[in-house]
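Asks: Starting from the two chains in their separate frames, assemble the complex, guided by the hints.
In order, the protein sequences belong to chains A and B. Everything in the first sequence is counted per our numbering, starting at 79 for the first residue and increasing by one. Everything in the second sequence is counted per our numbering, starting at 405 for the first residue and increasing by one.
By construction, these hints were calculated from the structure, which means they are not laboratory data. Wrong hints could be hidden among the right ones.
[Unchecked claim] In the DSSO-like style, the derived pairs of lysine-lysine whose C-alpha atoms are separated by at most 30 Å in a straight line are: (1) A/K141 / B/K496; (2) A/K322 / A/K292; (3) A/K292 / B/K496; (4) B/K452 / A/K141; (5) A/K230 / A/K292; (6) B/K452 / A/K114; (7) B/K496 / A/K114; (8) A/K292 / A/K141; (9) B/K496 / A/K230.
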Amino acid sequence: MNDRAVSEAIGFILILGVMVSSIALVTLYGYPLLLKEQSNTDVRNMERGMIILQNDVKSLCYKTVPYEETTLQVSGGTLSVVDAGASPSSFSISTLDGYSTGDMPLGKLTYYSDRGSEVIVLENGAVLTRQDGQAGSTILAEPRWFYDDQTKTLVVFVIELDAGEAISTSGMSTVRMGLASSPATDVNTSVGASTTVSVVYTPDPDDDYSTGWKNYLTGTLGMAETAPGSNIYTLPDVRTLIVKSYAVTVYGI
Amino acid sequence: MAGLNEEGQWIVLMGLLVAIGMFFLALIINQSALVGQTTAESVLEFPKSDIRDLRSEMDDLVGVLRPLSSGTQSTVLNVVRDDISALSLARKNAVVDFSLTGPEDVAGVLYYRTEFHYNNGVTAYDETAYF
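So here's chain B without its partners, still in its complex pose (with noise of 0.2 Å):
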């Protein structure tokens, strides 16, 4: 043994036991690798086309409401709200309300002032609009 140097070996060794007990490490880390992701559907809850549809449903009722008589104006825009709340209960699972006024002079154009609510438990939107 005289003469020889040895004192490296250890060094290799050791490294060789560290090397092999991060190995192992990484594996039992491994095991716990994430489920997979959700869709983004729970970030996209905003009912955008709801609202749309709602206020475009409004717009299409001020056009049939403004040449009848404010008596029948009444009565049919009291079945509408049934109809539509009833619809959006069913169909969306939201609650929606709405109210309409007028006709109203504003800057010289007669528009009906109309309020809507909706809430479908995640979103509760409220608008006033002039048709």
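Just chain A, with the same shape it has in the complex (with noise of 0.2 Å):
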């Protein structure tokens, strides 16, 4: 064979060559991928975690269940609570003839995701999200308000976190909750004459969750709002109003 031409130096280089760019490539475009794709990850267990919350609510609210303990990996993001007290946003539910709860603050549990701008947030049972910076959220997972078209009942809960103070947390974390008192149902009746019922949701301007609300209550409760933007929903024909209030403790996260 004839070796002439064949440098074993111009081989070595031509190969290195090969190695090293490609070794560039993927720093330069993969890594990127690689850890946006993470980032995705942590949130979308981040909203699955808050769903399990969620039931955890649910658990204590609607089944008389008086304590729920869940360990959750929060990841690429700080998991926090904000007292009923300090969070400006709550309820008001009130009805035409007369009758007003005042307003009701909610507290909520929130995932701020450290390399996106996702914010996600459990509120008054619902499981929310927005973009930071960004107008608009939406819902993830739906209270459990109803209205019942055959006794024109509407049933609407409620429910306040309490954290006495501040606390957040990343990584390995245990959320720790219990009922607070037994429920103070708020039952406001009155069979036979139809009314009204307003409600009024007041959102925190920091934080604000109201397109995701708007969309809750105009869509699956069938409400109307009296003007783009207000944040003042109201249904008519209902015969009996049941507001029920749940206080739920965050002992830890």
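Replies: Shown next as structure tokens:
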């Protein structure tokens, strides 16, 4: 075999060049993609985690379970509790015939993503999400408000989260929650006469979920918004209004 | 170097590099391990036992009402209906309503026709039964 013009040095440089450039390509394009994918996975996991916590809250409120504990991994962000007293968001329910609950503060469990801009929140038994710094929000898992057509009864649950102080965590965390007191059932019955119920949602200006709540109240419950952006919703022809309020204490996360 | 065949070394080295690369990839993907699955409670939302309890109460109620006069029947019925509605709302968060008519002659036997309605926001259930 004729080996002239075959240089070991050139061959070495060629193969080294191919290797170095492929490593460079992977570092340049592959690694950021990988990081982004991981951040997406973290957010997806946390969405699932929040729905698990929502189930805990449901068990506490609707199934008379006194205490719930869930361990979940909070990665790529922070999970924090905002006490009802420190959170400006609230619901207020009133009827045309003079009944009013006044402002009922909600409190929330919030997950802020470190790398992305996603925010996931558990507020009043619903899981909502929004992009930080942008208007709009969407509801991931609905709360259990309902209107019974046959008896014309509107049942509204208001869940207040109390923590005593602001707590936040990252990594493996155990969310411990308990029902603070026996539920204070507030029933307004006006059998026979139908009335119009009005629901007012007051959002936190820094953490606004009014679009998510609007879609839920107008879509699922069939309420009407009085004016665009007013956050006041009405439902006519209600004979019995039942407002049940629960206080859930978060002992630790 | 003459006569020594070294061409296979590159393949071995490349194989090693690919293996190390795949190891790191697997390590990063493994970081996003799923959180624990929730219990099946969300699947088991159907209030089977609540509806059965309600049905059983209807049966008992008909047994109590049967010997009474029609005027007393409606008084008792209203009181019991209010109690059951209030209880199911307080304990189970469900709206319950029922009505009772009769007795009707069904194939020679007197039956009371009961219609009951159950709604807890997840499940709405209506049934007509004769007791």
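Asks: Hints the structure violates: just list their numbers, smallest first.
Replies: 6 and 7
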